[in-house]
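Construct the entire structure; sequences and hints are all you get.
Protein chains in written order, with my numbering: chain A, 1 to 365; chain B, 1 to 146; chain C, 1 to 105.
Treat the hints as calculated values from the structure; they're not laboratory data. Because the structure is a prediction, the values reported are computed rather than measured. Ideal placement from N, C-alpha and C gives every residue a C-beta, glycine not left out. Among these hints, one or two may not hold up.
Unchecked claim - Distance windows between CB atoms, simulated:
| # | chain 1 | residue 1 | chain 2 | residue 2 | range |
| --- | --- | --- | --- | --- | --- |
| 1 | B | Leu-38 | A | Gln-100 | 54 to 62 Å |
| 2 | C | Glu-4 | B | His-115 | 16 to 24 Å |
| 3 | B | His-115 | A | Asp-322 | 39 to 47 Å |
| 4 | A | Ile-238 | C | Lys-26 | 35 to 43 Å |
| 5 | A | Ser-235 | B | Gly-88 | 44 to 52 Å |
| 6 | B | Lys-45 | A | Glu-347 | 28 to 36 Å |
| 7 | C | Lys-26 | A | Asp-354 | 56 to 64 Å |
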Amino acid sequence: MKTTQVAVIGAGPAGLAAAIEVARVGGKVTVIDENAKPGGQLFKQIHKFFGSKEHRAGVRGFHIGEQLLAETRRLDVEVLLDSPVYALFPDMTVGYVHDQKEVCLKAEKIIIAAGAAENALAFPGSTLPGVMGAGAAQTMINVHRVLPGKKVLMIGSGNVGLIVSYQLMQAGADVVALIEAAPQIGGYGVHAAKIRRAGVPIYVSHTVKKVLGEQQVESVEIVELDSQWQPVAGSEKILTVDTVCIAVGLTPLTELAWLMGCEFVFVSSLGGHVPKHNRNMETTVPGVYIAGDISGVEEASTAMEEGRLAGTACAEALGLLDREGARELKALIWDRMHALRTGPFGEGRRKAKDQLIGLSMGGQA
Amino acid sequence: MEAGPVAFIECVQEIPCNPCEAACPFGAITVGEPITNLPVLHGDKCTGCGACIAPCPGLAIFKVHLRYTETTSLVEFPYEYGPLPDKGDSVPCGDRSGNYVTEGKVVSVRNPKAHDGTAVISVEIPQAYCLEVRTICRKGRRHDGQ
Amino acid sequence: MRVEKHPILGDDKRERDASIVVDGKKVSAVTGEPIAAALLAAGIRKFRVTPRFGNPRGLFCGIGRCTDCVMTVDGRPNVRTCVTPVKDGMIVETQVGFGKWADEP
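Have a look at this one:
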C-alpha cells in the first residue's frame, strides 16, 4: 500500500502551510483534498488581508493561495485532488476515494486540516432556489465569475456577511440590505464602513421572517427584534430581492477526528465541538494533529500559523528537526499567532483557544 | 488641514493591522507594537502625498486638501468598483452612508499595478463638504434606503 | 449572469468552449466549470423538485455537502452540480424526486 510520513487532510491554508513546514526539512508529505483544486477558501478571498508584513498583510487572499501553492510545488509536495477522505483507521491508515476506487495510505503522522462549513438557517421559504450560503455566493462570483442573483439580502453581519456583500457589489449585484439579529454589527467596522459607503443599509436587531416566491425567491419579509430577541409586531418590512445569502457562522468539520477517537470539548465561540489539542496542535490521539478552522473557527491567517505549528511539531516528532530548532520555530509561530489574537476581536478567540488547550492538557496524564 | 493636503485615517477599531505604517515614505504614521494599536498620524510630517491610501486593507484612509482652490476642496479615496470614472467626469459624491452630498469633478484616477486593484480617485468639491465626501455614489443608490 | 468585467479579477478571457443540453435546451458553458455555474450563468436556478411535494430546490452550500443542487447528468441521478465539472455535450436534466437511472425500467 501507499505510504507517506505525514498525511495532511485538506489543501487549504492550514494544510498547505503544514505541508510546507514538513517538506522544508526533508519530510515526505502527502496532502489529500476532496476538491478539484487546492487552496480551500483562500481562492474566494479577493480582498486584501490584515495583519503585519509577516502575515502577508495587504496581499489579496487568492495571491497568498498562489504563493502557498508555488511553495508546495517547489518543495515537490504530493497533492492528491478529487480525493475525499472517508476514513481514518487506528493504525494510521488514511482511506480515500479517487476515480471511484478506494485507496489506502499509511502514514506516520496525520494532520487533519479539514476546515469548517457554513451554518444553515431555517425559516419559511428557506429552501427556495435563490436562498444560499454566503460562501456559496462567494464561490460563484469570485471563483466561477457567475452572479447567483441580482438583488440580494445578506443575513449576518460577521466578517463573512460584510465581505461577501462588498464582493457581490464588486461583481455587479445590488445588495439591498444586510440584517443582523444582534443589536450590534459583528464584524470589523472598516468592512461595515465599506458597504455603508456604497449605500447598503445595515439593520441590526432584525431577522428574516419569511421568504416569498413560487419557484424561486421573489421577496423577503424582515422583522425587528426587541431586547428579548422577540419579533416586534408591526415592524415587518418587505424587500424585493431575488437572492438571500445566509452568513450566520461556521462549524468545524470534525467527522474524521470523531472517527479517529479524538476527545472533544464544546466551545461555543470557536464554532461548537472542537477536538482537544495541546500547544503542538496534537490531539488526544498520539500522532494525530489538527490545524485551521477544524480546531476552532478563526481566519486564514491563524489557519496558516496553526498549520505551520502542526507541521513543525510533526517534523520534530519524526526526528527531522532537533528539539532546539523546533522550539525556536514554534516560539516564533506562537508570537505571530498571539499578534493576530489581540484586540477586541482577537482577545475572545485567544481566551477560547487558551481555554481549549487548558482543558486538553488537563485531561492528559 | 489648514496647511495643505493631509491624510485622514478613519481606522477606529483595534484590529491587528499595520501596512499603513510602512506605506508612508515620510514616517508620518506610527502603529508600533502591538499591531492592534490605532494608527497615529503625525500631521507635521504628513505631506498629503496619498501613498497610504491604496495599501490600507480596510480602505479606511483618505486624503483631504481643504483649500485646493479658493472655493473648492480635493478629497481622495480608495475605490474598488468598476467602471472607473475618467478624469474630468462629473460624479455624484457620497458620504459615509452612501448618501448623495454634492456633484464633484474627477481630478485624478490612479490605478497602477502596484495598487493591486485598489484605484485611488480624487474629486474636486465645494469646501463645505470636504469632511463628508468619501466616495462616489453607487449607480442607482444615490440615497439611503431603498 | 456572467461577470465579464471585474475591478479585481479583470476581464473574463475564458472561451465558452462547451455546450451542454439542459432539459432539451442548449446552454453554452466553460469546460471544467461546475455545472451549477453554467446554469446560474444562464439564469437557471431551479435544479430539482422534491419527491413528496414537488418543491423547487437549487444551489445552497456550494461545496458539495448539502445535496440540494443535485440533478440527473448523462443519465445518472443525484449528481452534485456544484462540484461536478462541465464536459462538452453533457445532458443535464431537472431531477424529479430521487431520479431514475437511465437503464431503470
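Hint numbers contradicted by this structure: Of the numbered hints given earlier, the structure breaks none, since each of them holds.
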